[in-house]
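J.: Each chain, written out:
6 protein chains.
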Amino acid sequence: MKILAFGEVMMRLTPPDYKKIEQTNTLDMSFNGTGVNILSGLSRFGYETTLLTALPENHVGSAAAGHIRRLGIDDSNIKFSGHHMGIYFLELGYGNRPSQVTYLERLKSSFGESTFSDDEVKSSINDADIVHICGISLSLGDGARETAIKTAKIAHEQGKMVCFDFNFRPSLNENRAYEWMRTQYERVLPYCTILFGGKRDLMGLFDDQEKSLEQLIQKLMNNYNQIKYFSGSNRAINEGTEYLSGFLYTDNTLYESPEYLITLYDRIGTGDAFAAGVITGIIEKWSAEKTVDFATSNSVLAHTTFGDSPVMDKEIVEQFMNGELGNVIR
Amino acid sequence: MKILAFGEVMMRLTPPDYKKIEQTNTLDMSFNGTGVNILSGLSRFGYETTLLTALPENHVGSAAAGHIRRLGIDDSNIKFSGHHMGIYFLELGYGNRPSQVTYLERLKSSFGESTFSDDEVKSSINDADIVHICGISLSLGDGARETAIKTAKIAHEQGKMVCFDFNFRPSLNENRAYEWMRTQYERVLPYCTILFGGKRDLMGLFDDQEKSLEQLIQKLMNNYNQIKYFSGSNRAINEGTEYLSGFLYTDNTLYESPEYLITLYDRIGTGDAFAAGVITGIIEKWSAEKTVDFATSNSVLAHTTFGDSPVMDKEIVEQFMNGELGNVIR
Amino acid sequence: MKILAFGEVMMRLTPPDYKKIEQTNTLDMSFNGTGVNILSGLSRFGYETTLLTALPENHVGSAAAGHIRRLGIDDSNIKFSGHHMGIYFLELGYGNRPSQVTYLERLKSSFGESTFSDDEVKSSINDADIVHICGISLSLGDGARETAIKTAKIAHEQGKMVCFDFNFRPSLNENRAYEWMRTQYERVLPYCTILFGGKRDLMGLFDDQEKSLEQLIQKLMNNYNQIKYFSGSNRAINEGTEYLSGFLYTDNTLYESPEYLITLYDRIGTGDAFAAGVITGIIEKWSAEKTVDFATSNSVLAHTTFGDSPVMDKEIVEQFMNGELGNVIR
Amino acid sequence: MKILAFGEVMMRLTPPDYKKIEQTNTLDMSFNGTGVNILSGLSRFGYETTLLTALPENHVGSAAAGHIRRLGIDDSNIKFSGHHMGIYFLELGYGNRPSQVTYLERLKSSFGESTFSDDEVKSSINDADIVHICGISLSLGDGARETAIKTAKIAHEQGKMVCFDFNFRPSLNENRAYEWMRTQYERVLPYCTILFGGKRDLMGLFDDQEKSLEQLIQKLMNNYNQIKYFSGSNRAINEGTEYLSGFLYTDNTLYESPEYLITLYDRIGTGDAFAAGVITGIIEKWSAEKTVDFATSNSVLAHTTFGDSPVMDKEIVEQFMNGELGNVIR
Amino acid sequence: MKILAFGEVMMRLTPPDYKKIEQTNTLDMSFNGTGVNILSGLSRFGYETTLLTALPENHVGSAAAGHIRRLGIDDSNIKFSGHHMGIYFLELGYGNRPSQVTYLERLKSSFGESTFSDDEVKSSINDADIVHICGISLSLGDGARETAIKTAKIAHEQGKMVCFDFNFRPSLNENRAYEWMRTQYERVLPYCTILFGGKRDLMGLFDDQEKSLEQLIQKLMNNYNQIKYFSGSNRAINEGTEYLSGFLYTDNTLYESPEYLITLYDRIGTGDAFAAGVITGIIEKWSAEKTVDFATSNSVLAHTTFGDSPVMDKEIVEQFMNGELGNVIR
Amino acid sequence: MKILAFGEVMMRLTPPDYKKIEQTNTLDMSFNGTGVNILSGLSRFGYETTLLTALPENHVGSAAAGHIRRLGIDDSNIKFSGHHMGIYFLELGYGNRPSQVTYLERLKSSFGESTFSDDEVKSSINDADIVHICGISLSLGDGARETAIKTAKIAHEQGKMVCFDFNFRPSLNENRAYEWMRTQYERVLPYCTILFGGKRDLMGLFDDQEKSLEQLIQKLMNNYNQIKYFSGSNRAINEGTEYLSGFLYTDNTLYESPEYLITLYDRIGTGDAFAAGVITGIIEKWSAEKTVDFATSNSVLAHTTFGDSPVMDKEIVEQFMNGELGNVIR
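Chains U, V, L, C, S and E, in that order, give the protein sequences.
Each residue of the first sequence is one higher than the last, beginning at 27 in our numbering.
Each residue of the second sequence is one higher than the last, beginning at 27 in our numbering.
Each residue of the third sequence is one higher than the last, beginning at 27 in our numbering.
Each residue of the fourth sequence is one higher than the last, beginning at 27 in our numbering.
Each residue of the fifth sequence is one higher than the last, beginning at 27 in our numbering.
Each residue of the sixth sequence is one higher than the last, beginning at 27 in our numbering.
Just so you know, these hints were derived from the structure itself, not from any lab.
Note that beta-carbon positions come from the ideal geometry of N, C-alpha and C, so glycine has one too.
Certain hints may be false.
Part of the chain V face toward chain C, derived, beta carbon under 10 Å [what the hints assert, rightly or not]: (1) I94; (2) R96; (3) G98; (4) R226; (5) I309.
Starting from the given sequences, assemble the full structure and let the hints guide the process.
T.: Shown next, in the form of structure tokens:
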């Protein structure tokens, strides 16, 4: 089983010791992105993974590729061109203080300006079974957007399962009407099998403030009947304590996971951990109940690990889900 | 709007990873003190700040000055003389284990032994609107104490608003009767507009165990009728959870903030964050309610940041106060 | 008062920032083991301590000895031979994610393969008052096991107080029937005065699933009537919160400490902190109530410090036990 | 005496331990640029300094401003706008292996896209005595280039001394004929008093391969007779050992410093250290001989310090120049 | 072009700042070995590489595999079994003080105890063009030795080019007569095309103290006429300065590189960098002169980089070889 | 063989990466002093060592004691009193740039203000064979000075060998005539057997600018005929390269070591390494030639290690002295 993801790779720079940028002169460097994160999770669960992306043709690009390989992701579909990549600073929050993300120039990156020919896309998809498209690509410049849509289309035509997450980022679309974004979504949706998103995404899509989540999903699936799964997660806060639960809509039914108490160390990438869990359940043909519980558990544990990319072993996630995790694993 | 603070700068040395000193051979170095901390907070809130102090005339002193400038504080009123500065080690606590402060020699520091002429003080105060005097100065040797009192007097005479915090440190006064300390306070109080302290400070001042906080403040203001504000914060612990609230007495009324749940990373300097918040409210002519809520919120957030010196942006504090802070700020 | 411990020293390698091994290329190195840990705790409580063990005859062995001396433990009974020592990686957990221990080769270590002559053992015991034997030694190769039993026997014959902890590690005994382990325990028990263990250890020993803890201890003491103390601790989890309590059985009575809420930073070695507390109470001839409360308090605080080896001062433990600890110790 | 510099601020990210980017996940962060570097040097020599530049309006921008203040440079002329800044990675070389610089997107930075009104420039120049313009600005986008030329012009008109360095970067001008660059230089030269450059710059300017350095400078000064100083440094390598010497042409005479043996730790910014030294000599009205020797000495010492920005004290430079530096300064 | 290497992976732990182990509690972790190193070099030169080895079936093993992938080496032929891996500490030397290597248990590692079936070996070799066998494998336990010889044999039979380095380690053979080692070499030599070694290796092999290097190589090639290349490097020290030169014997001729002055940061793995250079020349069908010069240049540069595994780009090596490297590469 | 040293312990704080204090917020912490350093060296050469000193009675003092034990020095003669210790910052130099030492308050330290009773001194000396007195003690306050002289006297009376080094520090005696210092030396000299110093010390002592080193030593020994050894080292610089040689005067003869080329990483403490070497030769009854060569070699190697306290093994020093050290020790 092999999964290909198309998506941007960004450099994340994190001050140590919960410091703000102005308090440090040392930074932790890692390389992330929705595609990288989902593949990192899937790689740890035992599947082959490969990333379709563009990286700078310099030492920063090779360092990024090395980091991606280290996560267990094949780099043979990475194109090296241009000289820039998106960078973001993460000031890790603590308790009452939220984490803070500061983006530097993202649009002029190798990825944002990359173009891929049909042949390049086809050859990269060839031996993949599942193809994931990160929705942020639609906001990142013409090159990235068109490749995203092209990849979805080709994958669908070749009978691959296509996943898509909405991941709408207002900050990347400040000069555009939402209408424009909706048009892009509508170009991709006809090719998708698995969708990751939430009620807000669907309300935006349909300009529809009233329906329930279930009704919105059903409406979507009526419009695009090749869509088989719609999945996402919800947070609830109760007297200072945070809880997470996931849902998976399939076969006309909404399945919901138990609510898990969150212990928070690093929140970034936890949605991607959830997505990796759902894809795993679908690959393994688990029941929807088990799938959404596993995905939520993986996301809950991702809140406790450093970095955006999920790094938990499958057995640990299953033990957590089954309440079997002790204090120390020896 | 420009605030001048008179106070000691100390070097803080912190072991990493919540270690004790004996467990490490690496230390984090920063430079702090009530004056530095309050000005750091005010600088982030958009005001001009300047520090009146003395630092060693060597590479340690220049490093300290550089650190202070980095915090956004003007260093043109710093005098370089002597060769020593106060140093303290902070072993950061964790949960059940409190933080532990170990002071090295503090009295023989450049600050403790510094003297400032009337002209030096006057010229430094000249373009300031508010002058803050740290009460610890009264316990740190004749030079520091006399400059503190002189600065308050001159500022008052020039019509500046004078702030003073009690900050009584028994460990610095082991060989003195409290009576002596009271006398020093009485030398400063006639010049003050804003006071930071608590019930214990006032009871000590009046040798009066019975009155309520409100009555004690009223008594104080009766004695020194130029005092306009008396402010401070209180902690409450309930079943292992800690809460913070602030109060501000002005216009014969005691205003109290809501109680906020504390999430604790680094407690040192949180009282200074509160004071910076109160001064901000007074500068901005906010209502007493908003002022004390903002100050308390700033203090609550200061519990979550590394280091003594407050580093939160004004918007974040306001969003916290209004319950608008999400999990991640992008 | 001087305590000798016989036990293995291992190198612990810990990734920083709660990272997993695969996420780092920097490690914190320390040297630990039940013997080291108990002696580290006792050393901080003011007693002379010495370790009987074997370390590699190379720079790693000398670094380990230096680390042990730094903890306040005499190293004059350490033998340098062989070239290997047990190593384990500790991936520190966070909230929902447990800590994870990965052992590398442990049996072929200098300690595992060491032998000590009767004279060597006798001379090391000579000026000790209490001798502690770590039960893991029984699983670590013939050399270590026979020295452990020999040391217990000689110490008992010389009228020293002998402590023993069960510390059964299934992973070290994968190829052995438990029956074999029981035989080894029975070789040591006739020489012991103080035992550390739990219900599971006693049930294993007697192959007896039904009796209460009290009954099991009484049965043990009936069989080995020189045993004076049996002590251990229990964890309870209630709605995501963890509590610790200790027990001490002596003079036909089971004494139990209050239940303390746990705040968890580093769990490893907390049982050894408990043992160090019990031994302290016995040395100081405290009441059983105070002894078990002090031991539990020491263990609770050990959950908040980095590293396996307890490093708390006696006064801090007593203040914690008496509810006198504030937020910051100055 | 106050010096204003106009120039770009870049973030420098340096792997530790002479590692390549691909070998690390930790980086040292600092903020540099010709303007920053020259002012850092001048600040240490006792002069007031201020930087005219643009930084991102986010936490990265404030961290940069803090870093600049720490260096002793006034930040009141910094404009905060845009969201990006130039970043470069420096892989420090060692012996046979040269250092390697990798630039990420530099043109779309806050600085590259900044514009300054005449009034903004005038008010920043107002209380400056000397104005330095970094030649790289001419290659960094229309905004930066036009501000550079405007600043030179206004400063010259106000009777300030204007410094300019050629600092030609082919990599920033890949799509332009050199002819274009020459035109830009010719727009600036009529306003300059002090020039930093070398034979190559002048040959490029005059398209003249044959003349000696002296003749070329004389030709330049004939064309632009307000130019008073032309200065630069030369490297020589002899059997693996590197030497540095400086020259200063003024009053129709070429003054050369002694050749100094280089010990190399961090080469970046050493030319800016030289420039800071020359400006110091001109301010202090030293002889040309002393000026160029001091500047060269400062540059030689800058090869031995971490970071681009000079941090040597004036006395140390003078002692070095006079051969009075011992092994340890106490 | 694809190269497979068979060899051990070891963990290297390096104290920072040129410290000895006893001076630190922080270590740099990397994963190395002759096979890893040669493949790392070849990967940077643009070839596909894959490693045949065994790693522990735990988090340490996965971290090692991640590190190897990061270096650009395919990990699909790595077997996970056992729980131990060889570890060595490297105390980096400085000038007069040599580096010091301390090995912990190496024989009981996953690699030392691994066995590979004929089918496993065959399938791993299948799409390789060149196969490298590390001579240390012959000293590391029956499993590793027999797999090494089997791999050489199968590769030779399949018409692959087989490389072998002698790399004799007396410390791993303390209990064996050299005679035994010679027998093992004689089992491998009939399958080899390229040999890496020196005069000492050949004298040991033939028990022949007198012949020149050239005569010894010729004698070897007479005995094993399928050997096409014999290559190695020599060090010379002249008045405290060290020089390196390489040689390559092929077609009955001894080719020698120029002597290069060494600047030393980290010596370990520099022989492997040489070997990677020679293999590159053979792949590229360069002249023997160019091949040995390139290999020596790569080794010279490897003395200047942190870590055992070569990380230089091909262009940099060629520029060095051609004397074209400046001070800073931009 | 047991050596006792009387001397101050200081905390050394070192910025990383050859940075200046103003460039860092991280520091390396260690504990040093002439006594500590000499004992550290002797401990590595296999002798028992113990330190007579005073440390602060707080966590900083215990950390210092732990550091000293780690070096292999017995701490049972350390007195805990007061709350301060001397601190110095070391900015490590690089090539042309010298190291720079900045002292903070040193006189008010626990050591400077300590007093020891005759009984305390006697009991600490009791089982020592050699007693070393650091000359800096004479400049550090009455307490330290009188204890130094008392210790020398008592040791001499008990027939111990007494070592003394001049170590004159002008910066500690700014307000005193040198005459005063000479008087102090004259109080100690009658008890000494081994002296460490140089020509300058002797010229100061005798106010005698003309005599040769040999004549000066002979004059000293004529005055104090119990002095058996006078030893020290000299530096020479030749075209940028530095050389070290040692001398030992005994039995009316001046023995000189070869000149060794210095490779410099950390100069501080290298004189103490020399002294430890001389004492070793005297203990081992080596010839004067071997003694001075060994001492010089130890000092040469101490230039290559981090920290003030010598950490070389005896075998390595001997191999260096015999020219047998290769590039890597395995």
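J.: Give a verdict on every hint.
T.: We went through each hint and held it up to the structure:
no.	hint	result
1	I94	holds, 9 Å
2	R96	holds, 4 Å
3	G98	holds, 7 Å
4	R226	violated, 37 Å
5	I309	violated, 20 Å
Checked against the numbered hints listed earlier, the structure breaks hints 4, 5; every other hint is satisfied.
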